[in-house]
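S.K.: As given, the protein sequences belong to chains A and B, one line each in that order. Under the numbering used here, residue 307 is the last one in the first sequence; the count climbs by one each step, no gaps. Under the numbering used here, residue 363 is the last one in the second sequence; the count climbs by one each step, no gaps.
Just so you know, these hints were derived from the structure itself, not from any lab. A hint or two may mislead.
[As the list claims (entries may be wrong)] Ranges of calculated distance between the beta carbons of each label pair, as one might list FRET restraints:
#: 1; chain 1: A; residue 1: T156; chain 2: B; residue 2: A325; range: 37 to 45 Å
#: 2; chain 1: B; residue 1: R13; chain 2: A; residue 2: R294; range: 51 to 59 Å
#: 3; chain 1: A; residue 1: Y218; chain 2: B; residue 2: T272; range: 21 to 29 Å
#: 4; chain 1: A; residue 1: Q180; chain 2: B; residue 2: R236; range: 24 to 32 Å
#: 5; chain 1: A; residue 1: R294; chain 2: B; residue 2: A230; range: 49 to 57 Å
[Said to hold, decoys possible] Listing some non-contacts, in silico: residues in chain A with all C-beta distances to chain B over 12 Å:
#: 6; residue: Q148
#: 7; residue: L187
#: 8; residue: S235
[What the hints assert, rightly or not] Quick partial rundown of chain B residues pointing at chain A, CB under 8 Å, derived from the structure:
#: 9; residue: P121
#: 10; residue: L123
#: 11; residue: L135
#: 12; residue: I140
#: 13; residue: L330
#: 14; residue: G333
Note that beta-carbon positions come from the ideal geometry of N, C-alpha and C, so glycine has one too.
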Amino acid sequence: MDIFLQQIINGLVLGSIYALVALGYTMVYGILGLINFAHGEIVMIGAMISLAAIQAMTGFALPGPVIVLMGLLIAIPACMLLGYGIERIAYRPLRHAPRLAPLITAIGVSIVLQNIAMIIWGRQYIAFPPLLPEDTYTIAGASITLLQIFIFFLATVIMAGLIFLVQKTRLGRTIRATAQNPEVAGLMGVNVNNVISSTFIIGSALAAMAGLMVSAYYGLAHYYMGFLLGLKAFSAAVLGGIGNLGGAMLGGLLLGVIESLGAGYIGPLTGGVLGSHYQDVFAFFVLILVLIFRPSGLLGERVSERP
Amino acid sequence: MKDLLIHWRKFKREPYAVWLGFALIGTALVLLPFATDAALGRSWVRILDHTLLYIMLALGLNIVVGFAGLLDLGYVAFFAVGAYLYALLASPQFGLHLPFWTLLPLGALVACIFGALLGAPTLRLRGDYLAIVTLGFGEIIRIFLNNLNAPINITNGPQGLNMIDPIMLGDFSFSRTQQILGITFSSVHNYYYLFLALSLLIIFISIRLENSRIGRAWVAVREDEVAAQAMGINTRNVKLLAFAMGASFGGISGGLFAGFQGFVSPESFHLTESIMVLCMVVLGGMGHIPGVILGAVLLSILPEALRYIGPLEEALFGRVIVDPADLRLLILGLAMVLIMLLRPAGLWPSPVQRREFAHHDES
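Using the sequences plus the hints, can you model the full thing?
M.R.: Printed below as a string of structure tokens:
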């Protein structure tokens, strides 16, 4: 039982990070109908930049959490700029091109980012310095670290902020209008290009935070980390219903829990035939199952109708 | 000058001129390995062999991406299936040593089945979903190849399988140096001619497919699925056929790869290989067979050309700043973006594609 609870806790924490990344996919998809393949790499760049900043600052006698916060504050604008740049260079010129074209540039951009990161930071894993408190609490036989609580809490606050932004502000209204119909939104005086840019910028800021969280959680960062994380977050977005903000959050949490329960139980259930190194396979199976049985996802409605 | 051009155009259409052209190209292809051997050395003949394998792979992917317009990002999975099938059935792993003539069609068939298995549930999906699912499928195959060494050792895990039987036709072993009519053919030369013959076969099949009823159905589905359906095309079956056909080409070249190398491991079937093959198709010109071949040739030679960058860096900066091997993928990625932005139909596009993209520019 305590293993069950433990896996649920781990899954929710991991899932909240997936949810942050999934939001980036889903926002861009909701507006442009495009899978931003490079989004996972933005997460990776966010992790790498914040780690580089943190390592540069460890010399100063500052408390650990402050250094981490400073790293985050450097990574967020950098990623925002990157997201904006990618949209301007790789996607905007192809907005009326055949569907295959922006997909291929997206893959190209993600390869470029990955390899630039590899050239700058090398092929080895980069360790996250032990700056954060490592207090552990025990609840009903399951242990939870302060870091886990903090990640989950922060992710929840950010997501609540995003919902507020989209539902209550003027920018949010223009985003929703553009997602419904870009042409008509343009006729109503919405600057569609600005709206698209701002979704990329918001998504990238979320990605930067997720990048720092994931590297703090696992204690390391790697130039290749964005690929798998991006794929899983995308699966989460599809699970929840792509284009739907609530769906991305739900899908992220659900996928995190499925993955952790799966990794925890696959060994005993199959009598040791399949081990926990199959953990990464679950997201794909979830993705394929969702696409077969409910392609619009748990909360989505109108996805497959888009031309 | 203009007269000359007109004369040339007329001449080009004459039947004897066409045959002359074929004969010239044929002779050049036959002599190529000996010329390369003499000029650049044995290792370059090996690169030629690899280029031919890549041409087969690129033509297979071209059916899926170029003709039918389905973006498949896990194409290397079928290559892996073909290679591992050959490796398992012709190596000491299970003590099986099936002959090449059964393995080649078997590889094509099994890869074809895998293609259909993946395609059946996913082909109803829109293009970008398909891209993600195939991407995931490619990774799943690799994860399984990596981990299927326990509890029963099937794939031998990350170490891979070695001591795979070389390709044999009757008593003729391709991996041994052979004397034919007083000319010495080394192993790489033998494989060159085998791969050349099979590449030509695949080129022939591709050309015939392109101009067939099925080929036209693929193009129709690519251009407008709804209209194609209205014209009575069973879009699902047609797409499935493209997927399975492309997969079987991948399976064939996978089997050849295993026999040629004598060794397979999961590392050879990384996502970057899928991207590499996709890049060949995109760079050359999606759906245009000569363009795809050009793309495959260019990108197979690229890593070799990059070797000269190391010394160049040393000469310019005094030391090697960026490992040339790291630049390969960076250049591929940049090429994909730039080609799509500047020349979206590829370096050597088919007339139809060029028209289509030109039309889209106007809108």
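S.K.: Does each hint hold? Answer for all of them.
M.R.: Hints versus structure:
Here the CB-CB span from A:T156 to B:A325 is close to 44 Å, well matched to the stated 37 to 45 Å. Checked against the hint of 51 to 59 Å, the C-beta distance between B:R13 and A:R294 comes to roughly 57 Å, which is consistent with it. Against the hinted window of 21 to 29 Å, the Cβ-Cβ separation of A:Y218 and B:T272 comes to about 23 Å, which satisfies the hint. Distance hint check for A:Q180 and B:R236: the Cβ-Cβ separation is about 30 Å, which falls inside the suggested range of 24 to 32 Å.
A hinted range of 49 to 57 Å for the beta carbons of A:R294 and B:A230 is inconsistent with their spacing of about 27 Å. For A:Q148, the requirement that its beta carbon stay farther than 12 Å from each beta carbon of chain B is met, with the minimum near 27 Å. No beta-carbon of chain B comes within 12 Å of the beta-carbon of A:L187; the shortest separation is about 18 Å. Against the 12 Å criterion, A:S235 falls within the reach of chain B, whose nearest CB is about 8 Å from its own CB.
With its C-beta approaching chain A no nearer than about 5 Å, B:P121 sits inside the 8 Å limit, and its interface hint holds. Because the beta carbon of B:L123 sits about 11 Å from the nearest beta carbon in chain A, more than 8 Å, this interface hint is broken. Satisfaction of the interface hint for B:L135 is found here, the shortest Cβ-Cβ separation to chain A being roughly 7 Å, below the 8 Å cut-off. Contact between B:I140 and chain A, as hinted, is supported at the beta carbon level, the nearest pair being about 6 Å apart and thus within 8 Å.
Given hint, B:L330 at the interface with chain A, holds; its Cβ is 4 Å from that chain's nearest Cβ, closer than 8 Å. With a cut of 8 Å, the hint placing B:G333 at the interface with chain A holds, because the nearest CB-to-CB distance is about 3 Å.
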